[in-house]
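J.: Below are the chains, spelled out letter by letter.
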Amino acid sequence: MRADTWLDEIADLVYLGIGDESELVQVLARIRRDFGAVATALISHDFHTRKGSWTLEVGLDSLFRQSYIDYYAARNPWLGYSPAYETGRVHVGHSIIPGWELVRTEFYSDYLRPQDCYHRLCGVPLRLGQETIFLSVMRAPGQPEFDDRDVADLRRLLPHLGRALHLRRHLLRRCATHSALRDLLDALPLAVWIVDRDGRLVTMNAAADAQLARGVGLRLVGGRLVAAGGADLGVLRREIHAAALAPSAGGGAGGRVTLQRGQGHQPLVLHVAPLGARTDAGGQLAEPERLVAIISPGLGSDDRDAVADLARAFGLTQAESRLCAQLLSGADLAAAATRLGVSHSTVRTQLRHVFAKTGTHSQAALMRLIGGLAAPGLRDVRPS
Amino acid sequence: MKTLFKIDLSKHPSELAVKPHNRWHPDIPIVEWVKPGAEFRMECYDWTGGQISSNDDANEIRDVILPRVHYLSGPVGVEGAEAGDLLVVDLLDVGPLPGSEWGFTGIFAKENGGGFLTEHYPRACKAIWDLHGLYCTSRHVPGVRWAGLVHPGLIGCLPSRELLEKWNKREAELIATDPNRVPPLAAPPQAEHALMGQMTGQAAGRAAKEAARTVPPREHGGNCDIKNLSRGSRVFFPVYQKGAGLSMGDIHWSQGDGEITFCGAIEMAGWIDVHVDIIKGGMAKYGVTNPIFIPSPCEPKFGEYLVFEGISVDEFTGKQYYLDAHVAYRRACLNAIEYLKKFGYTGEQAYVIIGTAPCEGRISGIVDIPNACATLAIPTGIFDFDIRPNAGGPVRGVPTGTDVARAT
Chain Y
1 MRADTWLDEI ADLVYLGIGD ESELVQVLAR IRRDFGAVAT ALISHDFHTR
51 KGSWTLEVGL DSLFRQSYID YYAARNPWLG YSPAYETGRV HVGHSIIPGW
101 ELVRTEFYSD YLRPQDCYHR LCGVPLRLGQ ETIFLSVMRA PGQPEFDDRD
151 VADLRRLLPH LGRALHLRRH LLRRCATHSA LRDLLDALPL AVWIVDRDGR
201 LVTMNAAADA QLARGVGLRL VGGRLVAAGG ADLGVLRREI HAAALAPSAG
251 GGAGGRVTLQ RGQGHQPLVL HVAPLGARTD AGGQLAEPER LVAIISPGLG
301 SDDRDAVADL ARAFGLTQAE SRLCAQLLSG ADLAAAATRL GVSHSTVRTQ
351 LRHVFAKTGT HSQAALMRLI GGLAAPGLRD VRPS
Chain Z
385 MKTLFKIDLS KHPSELAVKP HNRWHPDIPI VEWVKPGAEF RMECYDWTGG
435 QISSNDDANE IRDVILPRVH YLSGPVGVEG AEAGDLLVVD LLDVGPLPGS
485 EWGFTGIFAK ENGGGFLTEH YPRACKAIWD LHGLYCTSRH VPGVRWAGLV
535 HPGLIGCLPS RELLEKWNKR EAELIATDPN RVPPLAAPPQ AEHALMGQMT
585 GQAAGRAAKE AARTVPPREH GGNCDIKNLS RGSRVFFPVY QKGAGLSMGD
635 IHWSQGDGEI TFCGAIEMAG WIDVHVDIIK GGMAKYGVTN PIFIPSPCEP
685 KFGEYLVFEG ISVDEFTGKQ YYLDAHVAYR RACLNAIEYL KKFGYTGEQA
735 YVIIGTAPCE GRISGIVDIP NACATLAIPT GIFDFDIRPN AGGPVRGVPT
785 GTDVARAT
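Just so you know, the sequences run in chain order Y and Z.
Reminder that position 135 of the first sequence reads as 135 in the working numbering, one-by-one numbering, no gaps.
Reminder that position 201 of the second sequence reads as 585 in the working numbering, one-by-one numbering, no gaps.
Be aware that one or more of the hints could be misleading.
FRET-style restraints, in silico, Cβ to Cβ [to be verified]:
no., chain 1, residue 1, chain 2, residue 2, range
1, Y, D20, Z, K550, 44 to 50 Å
2, Y, T87, Z, E546, 30 to 36 Å
3, Y, E86, Z, S544, 31 to 37 Å
4, Z, H710, Y, G19, 54 to 60 Å
Bear in mind the hints are in silico, worked out from the structure with no lab data behind them.
Source: prediction; values computed, not measured.
From the three backbone atoms N, C-alpha and C, an ideal C-beta is built for every residue, glycine too.
Could you put the whole structure together from the sequences, leaning on the hints where they help?
T.: Structure representation (structure tokens):
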């Protein structure tokens with residue numbers, strides 16, 4: 001029934017199952033076939049709460065899935081002896097409850113029998129905290145009992161299955177975290193790109209994608225994120241490189257880059273921050289490479305809100321706020337004075353007051369501050 | 385003749401100092417050791433341990449607690465007997481206990497054991513028989529009288545542990561195919577109501593959980609219900625356990641082949657006189673794994689039988705079964721009952737007659753596809769009237785108004 005190469009063949013399938021549930025289903029189907037069984041199932045059980053459920057199954061009737069969770073998991077007589085469920089152990093059903101007792105149970109008559117299950121071979125590939133994962137291989141009444149060879153073969157398979165399930169759990173947890181972070185990034189009104197030290201795009205969120213599509217400030221050239229304006233090319237590249245080489249990620253590391261967008265447009269202020277190491281770059285055994293996040297306020301942000309926030313945060317007067325709005329819209333000091341209908345010396349005085357109140361010393365620094373305020377996710381950096 | 389096992393009909397079996405047992409288990413202690421060549425008497429309860437009385441109340445049959453049966457006297461150890469030997473048992477004589485010369489027949493309810501024809505006769509009924517020396521009659525089944533063919537329905541030796549496990553495994557596997565069937569496919573071990581002889585305490589409790597019920601015949605003999613394993617016969621039992629551990633009970637005054645009403649014989653309490661001997665290594669010498677026996681030289685003599693044939697075709701559906709002797713014998717029995725009803729018997733009375741009278745059941749043909757042919761031969765001499773067919777048609781021979789006792 002099972003050739004000498006059986007274990008090698010099925011172990012290959014088992015490891016494919018780490019990343020692909022359908023491969024694990026194939027493993028169960030293969031075990032069912034090779035053990036001449038009617039059903040195989042991976043079942044999880046908590047011996048403290050006596051709750052359990054099917055994880056994956058082949059040959060069981062899905063009509064019984066819910067009743068197992070709600071009722072039979074707590075009444076499964078095979079689960080009455082928990083020492084049999086240590087990792088790596090294999091047992092046959094009648095070693096826990098003899099057949100003549102099993103057939104008298106409700107579990108048999110109303111759950112197993114309708115699914116044509118009677119003989120059982122069980123192995124425990126994995127225990128995780130209170131949760132025990134076991135593999136049940138079932139034969140019908142009238143089929144032969146599982147013998148010593150069945151037990152030995154399943155015992156040899158268990159370490160492989162245990163490792164694969166463990167890695168799969170780990171991977172699924174990572175995927176879930178990744179997916180949540182991805183959703184969070186997409187929900188932010190910020191554009192976020194993540195690049196490597198050479199500016200090669202690793203990933204970006206929806207807002208970043210939209211911003212690239214509109215060609216605002218940044219574009220992709222040969223897979224690298226570069227400033228759309230030629231004069232700023234070097235600035236962004238240097239800032240990315242500096243962030244990638246920063247000794248530690250997070251903690252306020254990184255800098256800001258202001259990209260000019262031409263007459264009539266406010267400059268684009270980007271926050272360039274070092275992130276954690278990327279482990280999938282290059283060959284599998286390559287040195288981990290620091291990644292860099294580039295964060296832009298995004299196109300949806302409202303500059304007027306940002307100016308209002310600035311005014312509230314730093315106690316600017318209405319005149320000082322109006323000046324800031326003019327500067328933010330790309331006007332220089334002379335143009336702002338003309339547009340506001342005041343003298344050049346008045347706006348210079350107002351600007352000095354703004355510098356004093358905000359703790360800045362240049363228009364560029366002021367613009368970066370306002371740009372930061374326009375990015376809701378960064379507002380927490382404001383001084384209280 | 386020394387009485388090795390004494391009973392007291394005024395007491396429940398569990399109240400005796402030396403208790404019977406109603407399960408098979410290798411650890412049930414030997415109650416007495418004898419040497420090969422010994423002769424001794426064993427007193428036995430009726431199979432139910434006294435649950436049935438000599439009255440017209442058939443509710444007793446309806447309410448029999450089946451996990452209590454069968455109460456067996458023994459086990460007797462035979463010195464020198466070892467696994468692989470044959471235990472030679474001469475049934476020197478069998479009879480009713482003095483003062484208890486009566487017996488009973490029950491048709492068991494479908495929900496409580498059933499019987500061979502339970503689909504036709506699903507309700508509990510009872511017939512009481514009076515024993516008159518060699519002969520028996522019944523107020524519930526008039527018009528018949530015959531000489532008894534007295535025999536233990538159940539006799540055999542203790543199983544080994546290995547044999548017990550084999551029984552439990554295979555019977556559980558059968559039950560597993562239809563665990564909710566009524567009547568059940570087999571009777572699995574049941575600790576409740578188990579009486580483990582002289583075992584006590586936790587050991588008895590543990591053994592009772594796995595001890596085999598006494599219902600079916602098995603390799604060691606047991607509940608074979610063979611009417612011709614009667615007084616005067618010599619039985620050779622395979623020995624599976626040191627000392628053999630011979631036990632017996634379920635005495636029948638008489639029975640038809642098949643004991644078809646389930647409690648189909650004339651059941652009684654009584655005694656069995658036994659002589660034992662050993663054939664060392666007899667199982668291998670003769671290739672024996674199940675008992676073999678030589679019937680008695682003394683059996684009731686009948687010169688004529690009326691024989692009913694049956695074939696393996698279902699009476700309800702008309703479905704053809706392939707060489708199925710069970711179906712064929714059922715049809716033969718049903719044919720006999722329908723015939724006897726023409727003489728005034730109720731179906732239940734006729735059912736009781738063919739279950740208790742020494743009728744011969746045979747597998748007559750088992751190769752003629754697709755039908756097995758089974759026959760049931762009723763001795764015509766047991767009736768007070770002529771039951772043979774003739775041109776004039778059947779003449780009612782049974783007084784009107786008589787019937788078996790029926791459960792409410």
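J.: Tell me the numbers of any earlier hints that the structure contravenes, in ascending order.
T.: none
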